[in-house]
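Could you slot chain P onto chain X? The hints should help.
Line by line, the protein sequences are chains X and P.
With the working numbering, the residue at position 38 of the first sequence is 38, and numbering never jumps.
The working numbering runs 1000 ahead of the 1-based position in the second sequence.
If you anchor each label on the Cβ, the simulated ranges turn out as follows: (1) GLU14/X / HIS1082/P: 41 to 47 Å; (2) LYS71/X / SER1070/P: 44 to 50 Å; (3) THR1077/P / LYS62/X: 40 to 46 Å; (4) GLY40/X / SER1026/P: 20 to 26 Å; (5) ASN1061/P / THR76/X: 31 to 37 Å; (6) GLN80/X / SER1084/P: 38 to 44 Å; (7) SER27/X / THR1072/P: 34 to 40 Å; (8) GLN50/X / SER1014/P: 42 to 48 Å; (9) SER27/X / SER1084/P: 28 to 34 Å; (10) GLU1015/P / GLN50/X: 39 to 45 Å; (11) GLN80/X / SER1070/P: 45 to 51 Å; (12) ASN1061/P / GLN80/X: 38 to 44 Å; (13) SER1014/P / LYS71/X: 50 to 56 Å.
Derived coverage of chain X by chain P (criterion: at least 3 residues anywhere in the stretch with Cβ under 8 Å from a Cβ of chain P; other residues may be distant): (14) 40-52; (15) 106-113.
I should point out that these hints are in silico values taken from the structure, not numbers from a laboratory.
Predicted model only: the values in this text are computed from it and were never measured.
For every residue, glycine included, the Cβ atom is placed at its ideal position computed from N, Cα and C.
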Amino acid sequence: EAGVAQSPRYKIIEKRQSVAFWCNPISGHATLYWYQQILGQGPKLLIQFQNNGVVDDSQLPKDRFSAERLKGVDSTLKIQPAKLEDSAVYLCASSLGDFNDGKLFFGSGTQLSVL
Amino acid sequence: AQSVTQLGSHVSVSEGALVLLRCNYSSSVPPYLFWYVQYPNQGLQLLLKYTTGATLVKGINGFEAEFKKSETSFHLTKPSAHMSDAAEYFCAVSGNSGYALNFGKGTSLLVTP
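Isolated chain X, as found in the complex (with noise of 0.2 Å):
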């Protein structure tokens, strides 16, 4: 089956300008996950989705950072605007939304560097 699918795989901007970053999940994955994992720590999760709705987003700063899942598939992350510290691989996760199996699905991750 197709694993979780995340674009771009790299971005490159300077602080203060905008950047997006999408994800499309496995097929028939209810619950979508938002991670941020900075250089030598471990991910942390920003924002839970289960199908268009918002479980959790107590981590995300919402001064600057935005997700919506508007269709209960696909995801779009966006970041305005970027500041220095938002370098990060930012990776996407899906799961059947059974917690019984806890398995979270990743994508690749898109690696941001903000200059």
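Frame of chain X, contents of chain P only:
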């Protein structure tokens, strides 16, 4: 909130030697625990998980982990390291939402000939 601490950011073993990667958790409720592996330029993939039941969990590629409530630990082991095991390993615990995972900082495993 549930959290995990991985002891040792870098671990080096010889090929054929025992692999031991340490993870301790903090949780006010019975945790669900996971180990994920990240190979260079690839996404994270699940190695194994503990939810309920048997405390010794076997995963892919010969890895296993044991849930020890008395020690609040979930260490990852493999009897004999292979060169292909070189990767970044992340321990994770179920978060407050029930589905999302809280990850540790990761341990980089180096396997030498």
